[in-house]
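Go by the hints and put chain B onto chain C.
There are 2 protein chains.
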Amino acid sequence: MNNKIIKPSILSGFMELLPKEQIEFNRIMDIIKNNYEKGGFVPIDTPVMEKSEILLAKGSEETDKQIYRFTKGSNDISLRFDLTVPFARYASQHMENLVFPFRRYQIGKVYRGERNQKGRYREFYQCDIDVISKGELSLVNDAELPSIICSIFKEIGLPAFKIHINNRKILNGFFKSLNVTDATNVLRIVDKLDKIGEDAVAKELITIGLLADIVDKIISFISISGDKSKILNELKALNIEEPTFKEGLEEIEIVSHYLECYGVTEENYVIDLKIARGLDYYTGTVYETILEDFKGIGSICSGGRYDNLAEYYTNEKLQGVGMSIGITRLFSQLKDIGILKEETLPSTLTKVLVVPMDENMDYAISIMNKLRNEGINSEVYLEKNKFGKKLTYANNAGIPYIVIIGEEEIKSEILTFKNMETGEQEKLSAQEILNRVK
Amino acid sequence: MNNKIIKPSILSGFMELLPKEQIEFNRIMDIIKNNYEKGGFVPIDTPVMEKSEILLAKGSEETDKQIYRFTKGSNDISLRFDLTVPFARYASQHMENLVFPFRRYQIGKVYRGERNQKGRYREFYQCDIDVISKGELSLVNDAELPSIICSIFKEIGLPAFKIHINNRKILNGFFKSLNVTDATNVLRIVDKLDKIGEDAVAKELITIGLLADIVDKIISFISISGDKSKILNELKALNIEEPTFKEGLEEIEIVSHYLECYGVTEENYVIDLKIARGLDYYTGTVYETILEDFKGIGSICSGGRYDNLAEYYTNEKLQGVGMSIGITRLFSQLKDIGILKEETLPSTLTKVLVVPMDENMDYAISIMNKLRNEGINSEVYLEKNKFGKKLTYANNAGIPYIVIIGEEEIKSEILTFKNMETGEQEKLSAQEILNRVK
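Quick note, the sequences are listed as chains C and B, same order. According to my numbering, the residues represented by the first sequence are 101 to 538, in order. According to my numbering, the residues represented by the second sequence are 101 to 538, in order.
Next up, chain C with everything else stripped away, as it sits in the complex (with noise of 0.2 Å):
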């Protein structure tokens, strides 16, 4: 008895997955960034550490509390919080060394300190995607990025979602057609909506000294709902003449047209007046993805458009768009509501295990070579046990298919192939065994 044993655990709010878990996580990050890729989009990889005069250059209350940062030497250090400002830090700094318009991806942890609650991590992946020009970028890219999430969430068979599409113009616009100065401050209390209701955001906006005709309006406006033509219609008809009205009316129109080009259809997207995605950052086009039978989890892919990227390390104006998916939040959502059945899964990633009958391993090698070599994941087992204890770890760890090496196979050079599954067992050839797993 050692009596040094420390109990081993890890810090509370971090997500550690079990092989099983493990693997369908990674098979959900790769699609995503195949998707990103057969998009045309480009990796990049930034440091999880950055200078904190870097990430804190923009500032807020809630940031800096969050935030890990700490002193090392005569280093002030904070870990990145999202992706989005090392990006912003990253094309400003390389930019002399980028294609302009530069699309690029990242996959990368994220680090917040956010009080401990349950589905809310310390450290999580993002799945970022971003567009950037120097200068004008079309438009059309703002129906690309949605249509890229949309083919993931297929790929991945998430149940019927919606990636809900609005502009900042159209609110914007809207609230200066009824004289309201102070948008930013209706905005804030209308992104509630989902969250505290109609009626509670309505004594909200009474509360900051809106008259009540014009909290009538501004509900019935964000009450707006149907098909894409519907909204389009109703919106027409107000006739509201208010120029950034008219341009984010525009904007959307374009917007959804061009989604239909990329073949996203009305099942997986609808426009949605009511969300405005966060302050100052966005400034067109706003996405959330809500999954449409698990509203409650809230929104799983979220973005926009934005005017000036990376202010704060350039005086190039950087204009672009989007998206974000939160992989960690999202699986463990997953988990919870049932879809993702980790009783299900395998704790393995292979296809084939060699048995030797006996201690003799050269010829079981060789037959797993043969299956490597085509591409084949595939193991042999090579501890001494009972032939018993063998068949227990291929059952336990999930494995279809084995092979079995006796003398009269290494003999005959026609082996058992076992189907873990049915049970089924046959007497085959290396080739055919190679044949019958590809």
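Be a bit skeptical, because a hint or two may be false.
[Unchecked claim] A few chain B positions that, by computed beta-carbon distances, are all more than 10 Å from chain C:
1. Gly257
2. Asn279
3. Glu298
4. Asp458
5. Ser529
6. Asn535
[Claimed, not checked] One side only, chain C facing chain B, incomplete, derived with CB under 7 Å:
7. Gln122
8. Lys151
9. Glu153
10. Ala157
11. Tyr168
12. Val240
13. Tyr412
14. Tyr413
15. Thr450
16. Asn477
Think of the hints as simulated: they come from the structure by calculation, not from any bench. Backbone N, C-alpha and C fix where the C-beta goes; we use that ideal spot for every residue, glycine too.
Frame of chain C; chain B shown alone:
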């Protein structure tokens, strides 16, 4: 002009790559990942930060000085400095839910606040592979791991490399046979042979109190070299009856037999009595991997066998063998020695750029949809620009093929397909382009 501009930069000692380098880096990482998975290893992912009491359970002056450690709230937090300690913690913590022998791989960033020097990074990726069991683990594993590393380095296309293999029992047993009691200290000095040379090692051995004839015997022992049979024969001819020595000799003979079963030839491995690898962790087989034409850069993949992975976290003796590729450093070294020529690398993963002649994107997008649906990475050039600028984009990024869409092409559905490398231009249907690119 914005007065608040902060010059964008990262902390010193951190690696950050341009897209063209990142793409190559990721290609190498994918080769590592795919070969680990083909070998039946499952991925795990642990938090970058852990409780300091966990990470520092073992303790060592060097680790303590290099570690990034800080407090947040009531938590004493450290960033992981390798993947072995977190693996030991993981295996102990989740033991009941793992299938043994447990074959895991982990690829992740680790942190060491080392003195700033070329080729040393404070944040770097390790790519670890380990097999562990409760109790005895077959020696065949000691041959399988280097065989997987060998496949990886061949697939990456590294120039002449050799995995150097030794066994700590051979060294320990040999020292015992000489009645050298301070084997740890001798090993520490012998380990420096490649760095400081034979004479300096001899001098240091004299300094710690060894007699000249003992030192001579040690030097001539570690100088035994040649092919496998020659070395094994010379070791046997020493007729050392010390049991640890005999055990080590037997083990290295078995490991080299199985290495060849796994298809590793002496082109890629060598028995090397000079390597000892660290001081107190490894107990049997040890590995280092050397680029034969660039010995100066040191080992690019090391590891070994251990008897008790997780002694600080559990009373269960977890025996295992592991190897680790330090990919960040290796990547930077491959650039330095000119094996990796970044100027020849493309800045994109895109295979085809669809270039519309005017601003109507609909048809261009429909063509691109066909390409993406076939899994081909592709983009439409969406921005308003002169045709020449669009070609410049393709050239600068290094996109190999473009499809030009003008009025004529839309009418005839016969598209202009251009190979950007050869400049060759053809008129093809969408289907013909698909076949050509695939």
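Status of each hint after checking the structure:
1. Gly257: holds (18 Å)
2. Asn279: holds (31 Å)
3. Glu298: holds (38 Å)
4. Asp458: holds (13 Å)
5. Ser529: holds (20 Å)
6. Asn535: Per Cβ check, B:Asn535 is outside 10 Å of chain C; nearest 18 Å; holds.
7. Gln122: Hint holds; C:Gln122 Cβ to chain B Cβ min 5 Å, cut 7 Å.
8. Lys151: With a closest approach of 6 Å, the C:Lys151 hint holds.
9. Glu153: Holds - the Cβ of C:Glu153 comes within 7 Å of chain B, reaching about 6 Å at its closest.
10. Ala157: holds (5 Å)
11. Tyr168: holds (6 Å)
12. Val240: holds (5 Å)
13. Tyr412: holds (6 Å)
14. Tyr413: Holds. Min distance 4 Å.
15. Thr450: Hint on C:Thr450: holds, closest Cβ of chain B at ~4 Å, below 7 Å.
16. Asn477: holds (5 Å)
Every hint from the earlier list agrees with this structure, and none is contradicted.
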